[in-house]
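Chains as they are written, first to last, in the numbering used here: chain A, 1 to 417; chain C, 1 to 417.
These are computed hints drawn from the structure, not numbers from a lab. Think of the CB as a built atom: it goes at the ideal place given N, C-alpha and C, for glycine as much as any other residue. Among the clues, some could well be false.
Derived Cβ-Cβ restraints for the label pairs, each shown as a range [said to hold, decoys possible]:
no.	chain 1	residue 1	chain 2	residue 2	range
1	C	331	A	5	20 to 26 Å
2	A	280	C	162	39 to 45 Å
3	C	268	A	196	21 to 27 Å
Here are the simulated lysine-lysine pairs, DSS-like style, with alpha carbons at most 25 Å apart [stated by the list, open to error]:
no.	chain 1	residue 1	chain 2	residue 2
4	A	335	C	4
5	C	102	A	351
6	C	46	C	102
One side only, chain C facing chain A, incomplete, derived with CB under 7 Å [claimed, not checked]:
no.	residue
7	76
8	205
9	220
10	221
11	253
12	358
13	368
14	391
Residue-level listing of the chains:
Number of protein chains: 2
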Amino acid sequence: MDIKSYMDGVGREARAASRLMARADTASKDRALEAIAAAILKNSHKLREANALDIEGAKSRNLEPAMIDRLTLTEKGISSMAEGLIQIAALPDPVGEIEDLKFRPSGIQVGRMRVPLGVIGIIYESRPNVTADAAALCLKSGNAAILRGGSEALHSNRAIAELVHMGLREAGLPESAVQVVATSDRAAVGELITMRDYVDVIVPRGGKGLIERIMNEATIPMIKHLHGVCHVYIDDSADFEKAMRISINAKTQRYGTCNTMETLLVSEKVASGFLPPLCEVYTQKGVELRGDDAARAIFPMNAATEEDWETEYLAPILSIRIVKDIDEAMDHIHKYGSQHTDAIVTEDYSKARRFLREVDSSSVMVNASTRFADGFEYGLGAEIGISTDKIHARGPVGLEGLTSRKYVVLGDGQVRS
Amino acid sequence: MDIKSYMDGVGREARAASRLMARADTASKDRALEAIAAAILKNSHKLREANALDIEGAKSRNLEPAMIDRLTLTEKGISSMAEGLIQIAALPDPVGEIEDLKFRPSGIQVGRMRVPLGVIGIIYESRPNVTADAAALCLKSGNAAILRGGSEALHSNRAIAELVHMGLREAGLPESAVQVVATSDRAAVGELITMRDYVDVIVPRGGKGLIERIMNEATIPMIKHLHGVCHVYIDDSADFEKAMRISINAKTQRYGTCNTMETLLVSEKVASGFLPPLCEVYTQKGVELRGDDAARAIFPMNAATEEDWETEYLAPILSIRIVKDIDEAMDHIHKYGSQHTDAIVTEDYSKARRFLREVDSSSVMVNASTRFADGFEYGLGAEIGISTDKIHARGPVGLEGLTSRKYVVLGDGQVRS
Chain A
1 MDIKSYMDGV GREARAASRL MARADTASKD RALEAIAAAI LKNSHKLREA
51 NALDIEGAKS RNLEPAMIDR LTLTEKGISS MAEGLIQIAA LPDPVGEIED
101 LKFRPSGIQV GRMRVPLGVI GIIYESRPNV TADAAALCLK SGNAAILRGG
151 SEALHSNRAI AELVHMGLRE AGLPESAVQV VATSDRAAVG ELITMRDYVD
201 VIVPRGGKGL IERIMNEATI PMIKHLHGVC HVYIDDSADF EKAMRISINA
251 KTQRYGTCNT METLLVSEKV ASGFLPPLCE VYTQKGVELR GDDAARAIFP
301 MNAATEEDWE TEYLAPILSI RIVKDIDEAM DHIHKYGSQH TDAIVTEDYS
351 KARRFLREVD SSSVMVNAST RFADGFEYGL GAEIGISTDK IHARGPVGLE
401 GLTSRKYVVL GDGQVRS
Chain C
1 MDIKSYMDGV GREARAASRL MARADTASKD RALEAIAAAI LKNSHKLREA
51 NALDIEGAKS RNLEPAMIDR LTLTEKGISS MAEGLIQIAA LPDPVGEIED
101 LKFRPSGIQV GRMRVPLGVI GIIYESRPNV TADAAALCLK SGNAAILRGG
151 SEALHSNRAI AELVHMGLRE AGLPESAVQV VATSDRAAVG ELITMRDYVD
201 VIVPRGGKGL IERIMNEATI PMIKHLHGVC HVYIDDSADF EKAMRISINA
251 KTQRYGTCNT METLLVSEKV ASGFLPPLCE VYTQKGVELR GDDAARAIFP
301 MNAATEEDWE TEYLAPILSI RIVKDIDEAM DHIHKYGSQH TDAIVTEDYS
351 KARRFLREVD SSSVMVNAST RFADGFEYGL GAEIGISTDK IHARGPVGLE
401 GLTSRKYVVL GDGQVRS
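If we strip away everything but chain A, and leave its shape as in the complex, we get (with noise of 0.2 Å):
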């Protein structure tokens, strides 16, 4: 069978599917997610099984260490997921929430209903924890998903996917609410972003590279994250010792996430007494700093290119700039940053309220280190990724996210005048 037939058929039996898991009922829902979440520790050696298969393969085509960390299902990984599950279970359920329900002149009362988006395909990296997590998100909020995983991870998502099957089965739900498409054909992924009948929203979930080729062909809507270049910017009313708490954690506290401030920003009154001893905690904790003539001449570090302004290190590297004052940092901002983190430090009213209004990112923040946008942090519960976007959802996407909301209209036979 070709692979357009092939996705077809996934894509009709998802849409199908959809139609079912937008109406069950909050309990079906919570008891599929428990059962996943009990076979996968019940056959936690079936996946390791699985999982060893694609990790020979992997290591046979000479995979970096680091794409086989992300590949391999420990036991811990494995108990973890089931845990996801759990905690997904006992999210409170969005769908058929009624917001704003209100009686209009005519008499018609009209409000909305949060409502599943339908159909999702999730695009993602070989990650195989990915598959769980998505399907559980998914299913929450009452959506059918098409999964596809990197190739190298097939065999532990296909692996993934029976035991969400059964769950789905013992809780009396449709088995393709959640499909794994079961090929590493490329192709498949150029049918998933273009099938408009059968699939409502697209998340790919990977870097940069990924997401800008889907963006150039995808034809349906996506919720999706670029990338992470934040900044935290250091004014000069900002109390010191909360301004050195933040800049050291929001850059050392991991360095591989999209919310790690990539660039600190210092107004130029108060560079000269800040830089000097956070500095001397970067160098101690192994940061490369590269900064502008201006904290070059304040302390030795690496000459910052116009590059760097705008990269996305994950890296234990560093770009330092020193500004004028708040409107030379948010220009800096809108010319470089990604829209998605930029924290302020500063005891001053008026500026934390105009950076609050005018950044326009996916999280502002006053006085907190850029690595709180999370969706756990957030009280989301869960999230399926952080959204760069500006339509629909923007930051952490939850549950929420997942949804829509229509309109309904309750009247007693009115009719327009």
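Fit chain C to the given chain A structure using the hints.
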């Protein structure tokens, strides 16, 4: 200058203006709207002169009378354009509203602030009043707009744009916050819908053909209205009098609107009593009826073909089908509908509840005419269109639909542990 560099310049200016618009205060935006309204009233003769050139051109190219009608700016049309601007000025400003601000265990406060989308590209056919309408909605919601109207209306649109610029200047806002694409070259649309760096969302307004063409080429998210194949289902437990009233209103109150009923579904249990008196009324009003065999056995009418069920007539034509029950009705709506607006007439609580939950349309109604699906009737104050999309905004789209929400985080030096 070639089209690509021209559009590039338009995009760059719009992006710069969008930053200023995002931070513009409510009073300035309202002052601009009021100044534009005043300028339109004061310069109505200039608008009519420009419009006369367009009408002349349209006549010389033998365009259809209906098109010339839409193109024509009457004195009355001009005052209602100004009236619309005043109404939009009077609406509450959505920008900057903060919702759900809550403390988290870490000590940070997390909330969501409503923010403009940025730059909105609007593509529409030859109705010059859309130029003022769309500009006003974008302006009030803090966005910059790039307007690309039908080439037949270019003189009118330019004249309106001049007045919009006067108003913006008067309020101290950037003129390039509203730009009318000053070329009738179709390549400009191709640029507009792919300039991802400069345009955040495309709102196409026009016939299904135009929208589909744009859907295939756009790489920018859209808020769009494809078509409206709206249904009313008369359940066997419907109140006869309400069913009559709603069926007549939904079809005959206006024929050319997207929320007009195109297919009537009737429960087989009540069809023989309900259809004859209803069809008499339709026939008197000159509505052509096209039914399935069961309907034709009850009242004489033409035979409906498969094509009829998926056709948006926008005309005094109605297709009628007899269905077994609510499930068959919902199956029909699912198969042939356009997810726009669908209504049930019933006195049965459980069926009303099921219909509301299970029908996946942007507006779902119980005992009310589909004609209510409208921004004004829903209390939005104004609308830029009715979205049949699933992500971002569904149904009538007002100011809120032209905004998004970013996360705001207020801290006191918190860092992540």
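_Contradicted hints - numbers only_ = Hints 2, 3, 6, 7, 8 and 9 not satisfied by this model.
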